[in-house]
Amino acid sequence: MGKIEDRITELGLVLPPPLTPPAGTRLPFHSVHVVGELAYVAGHGPQAADGSIARPLGRVGAEVSPEQAYEAARLTGLAILASLSRAVGDLDRIAAWGRVFGMVNVAPGFDRMPDVINGFSDLLTEVFGHEVGGHARSAVGLAALPFGIPVEIEATVHLGD
Amino acid sequence: MGKIEDRITELGLVLPPPLTPPAGTRLPFHSVHVVGELAYVAGHGPQAADGSIARPLGRVGAEVSPEQAYEAARLTGLAILASLSRAVGDLDRIAAWGRVFGMVNVAPGFDRMPDVINGFSDLLTEVFGHEVGGHARSAVGLAALPFGIPVEIEATVHLGD
Amino acid sequence: MGKIEDRITELGLVLPPPLTPPAGTRLPFHSVHVVGELAYVAGHGPQAADGSIARPLGRVGAEVSPEQAYEAARLTGLAILASLSRAVGDLDRIAAWGRVFGMVNVAPGFDRMPDVINGFSDLLTEVFGHEVGGHARSAVGLAALPFGIPVEIEATVHLGD
Chain U
1 MGKIEDRITE LGLVLPPPLT PPAGTRLPFH SVHVVGELAY VAGHGPQAAD GSIARPLGRV
61 GAEVSPEQAY EAARLTGLAI LASLSRAVGD LDRIAAWGRV FGMVNVAPGF DRMPDVINGF
121 SDLLTEVFGH EVGGHARSAV GLAALPFGIP VEIEATVHLG D
Chain Z
1 MGKIEDRITE LGLVLPPPLT PPAGTRLPFH SVHVVGELAY VAGHGPQAAD GSIARPLGRV
61 GAEVSPEQAY EAARLTGLAI LASLSRAVGD LDRIAAWGRV FGMVNVAPGF DRMPDVINGF
121 SDLLTEVFGH EVGGHARSAV GLAALPFGIP VEIEATVHLG D
Chain S
1 MGKIEDRITE LGLVLPPPLT PPAGTRLPFH SVHVVGELAY VAGHGPQAAD GSIARPLGRV
61 GAEVSPEQAY EAARLTGLAI LASLSRAVGD LDRIAAWGRV FGMVNVAPGF DRMPDVINGF
121 SDLLTEVFGH EVGGHARSAV GLAALPFGIP VEIEATVHLG D
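These protein sequence lines are chains U, Z and S, in that order. FYI, the numbering for the first sequence is 1 to 161, going by this note's numbering. FYI, the numbering for the second sequence is 1 to 161, going by this note's numbering. FYI, the numbering for the third sequence is 1 to 161, going by this note's numbering.
Mixed in with the good hints, there may be bad ones.
According to the in silico footprint, chain S covers these stretches of chain U (three or more CB under 8 Å from chain S) [claimed, not checked]:
1) 108 to 116
2) 121 to 127
3) 130 to 137
4) 141 to 147
Simulated DEER-style distance windows between Cβ atoms [to be verified]:
5) V14/Z - R86/S: 46 to 54 Å
6) A23/S - G129/Z: 49 to 57 Å
7) T9/S - P18/U: 52 to 60 Å
8) S52/U - R86/S: 28 to 36 Å
9) G129/S - E63/U: 43 to 51 Å
10) G2/U - G160/S: 54 to 62 Å
11) R7/U - A95/S: 33 to 41 Å
12) S52/U - P56/Z: 34 to 42 Å
13) H130/U - D90/S: 23 to 31 Å
14) P21/U - P21/Z: 32 to 40 Å
15) R26/Z - G2/S: 25 to 33 Å
16) P56/U - A23/S: 25 to 33 Å
17) T25/U - G129/Z: 46 to 54 Å
I should point out that these hints are in silico values taken from the structure, not numbers from a laboratory. C-beta: ideal position from N, C-alpha, C; glycine also.
Just need the whole structure built from these sequences, with the hints factored in.
This is the structure:
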């Protein structure tokens, strides 16, 4: 077990299994695509412990509260760590986080997207620390996200040896 | 002619000429910008055979059907391959696709963006195969796309020798 | 002083101090995150000379005119140059711009996002020239941007020695 996996266990966190997409959905791409030292992380949403899409669904500021959305961003982070672990074998191989693009499914009038995506950034800091977990970020409001998920995050990660 | 160009011909596909932007539109950037081994692909939309913006225009789920949007994502792919061909000379130089960011112009209530952007992913698989055509992807709903196009896609591509 | 800093002074431009975020806002990430030769630029908005968020706020096509939004994109560019200068020490280290992702906070019916983001692209050309300032770009309409800013831009930049 690597140090990051140990840290995840220490924190009492559990990484979910691969996404079970909704019936009739075809997703012909990789959750994480490694090219040389770069790992491109596809857009992920929050997942439940069984791999299904986590609830609640809907727009932040209407069906989903900002607090629930913060938690959804954290769950999205766990789903991303799980995909990275499956793709690269050992999360200790992550040398640096590059870009994080945080997308929030917004109801009219909601513009506190940074507070929501902090759920993801805070998780990175807890798990990787300030040095390796540091990243650049955007946190913006989308008109729609797939299947009504409240949060979606994509990222670029740099791998070491 | 390279192998990928041959494959495109075999499939009966035709790459469009450069985009003819709407009158009065200034686009002061590169359709594809190569920096070292990376080719950054600017946001592209669907193009007709004469290089103009393809029809229909509008929001998916209202003026544009999901089936028409799938086709628009496929046409967007052909426009991207055409720009890449002009920028790098030979599509065989593409060693790997990295990140694909699929944007759909959505009407309220439409959230099946993955089904739309599959038109692009399926084209990559047909042309490049599963190995080179593999990619990470997001497929999300935008509030507006330029000139009312239903789909816009940007990407990062890795070049080899 | 580097050549690019000289050019900025010649043009009569002034780079703003670090962003003063709105009260109660926590932004736990880097404005620019350097990993090897890549500088990932977080989403930036327009800043006033004192580092606060520039006015006007709101949606382009409603509270904010296209002309004001062009200017906001230019101010966003100055904020990005300021962050890059603080992160890498000398803007002459910028070897190439890669990807520019321009996001516009749109009112229903507004779809001239390219005209808005031209405020950023034009600034890059003025400051860096066509060679180094060249870039790939998307310019799209978002449902909401943080704190009601009219424009947000993120980018990837390549550094040299």
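Going through the hints against the structure:
1. Counting residues of the stretch 108 to 116 of chain U whose CB falls under 8 Å from any CB of chain S gives 6; the rule of at least 3 is met.
2. A stretch counts as covered by a chain when three or more of its residues have a beta carbon under 8 Å from one of that chain; for the stretch 121 to 127 of chain U and chain S the count is 3, and the coverage holds.
3. For the stretch 130 to 137 of chain U, the stated coverage by chain S holds: 4 residues have a C-beta nearer than 8 Å to a C-beta of that chain, and at least 3 were required.
4. Against chain S, the stretch 141 to 147 of chain U contributes 3 residues with a C-beta closer than 8 Å to a partner C-beta. That satisfies the three-residue criterion, and the hint holds.
5. Restraint check, V14/Z to R86/S: a C-beta distance of roughly 49 Å satisfies the suggested window 46 to 54 Å.
6. Between A23/S and G129/Z the beta carbon distance is about 54 Å. The supplied range of 49 to 57 Å therefore holds.
7. Here the CB-CB span from T9/S to P18/U is close to 54 Å, well matched to the stated 52 to 60 Å.
8. For S52/U and R86/S, the Cβ-Cβ distance of about 44 Å falls outside the hinted range of 28 to 36 Å, so the restraint is violated.
9. Here the CB-CB span from G129/S to E63/U is close to 49 Å, well matched to the stated 43 to 51 Å.
10. Between G2/U and G160/S the Cβ separation comes to about 34 Å, which falls outside the hinted range of 54 to 62 Å.
11. Between R7/U and A95/S the C-beta distance comes to about 36 Å, which sits within the given range of 33 to 41 Å.
12. Checked against the hint of 34 to 42 Å, the C-beta distance between S52/U and P56/Z comes to roughly 35 Å, which is consistent with it.
13. Evaluation of the 23 to 31 Å hint for H130/U and D90/S yields a pass: the beta carbon distance comes to about 25 Å.
14. Separated by about 37 Å at the C-beta atoms, P21/U and P21/Z satisfy the suggested range of 32 to 40 Å.
15. Between R26/Z and G2/S the CB atoms are about 29 Å apart, so this pair conforms to the stated range of 25 to 33 Å.
16. For the pair P56/U and A23/S, the supplied restraint of 25 to 33 Å holds, since their beta-carbon distance comes to about 29 Å.
17. The hinted window of 46 to 54 Å between T25/U and G129/Z is violated, with their beta carbons roughly 23 Å apart.
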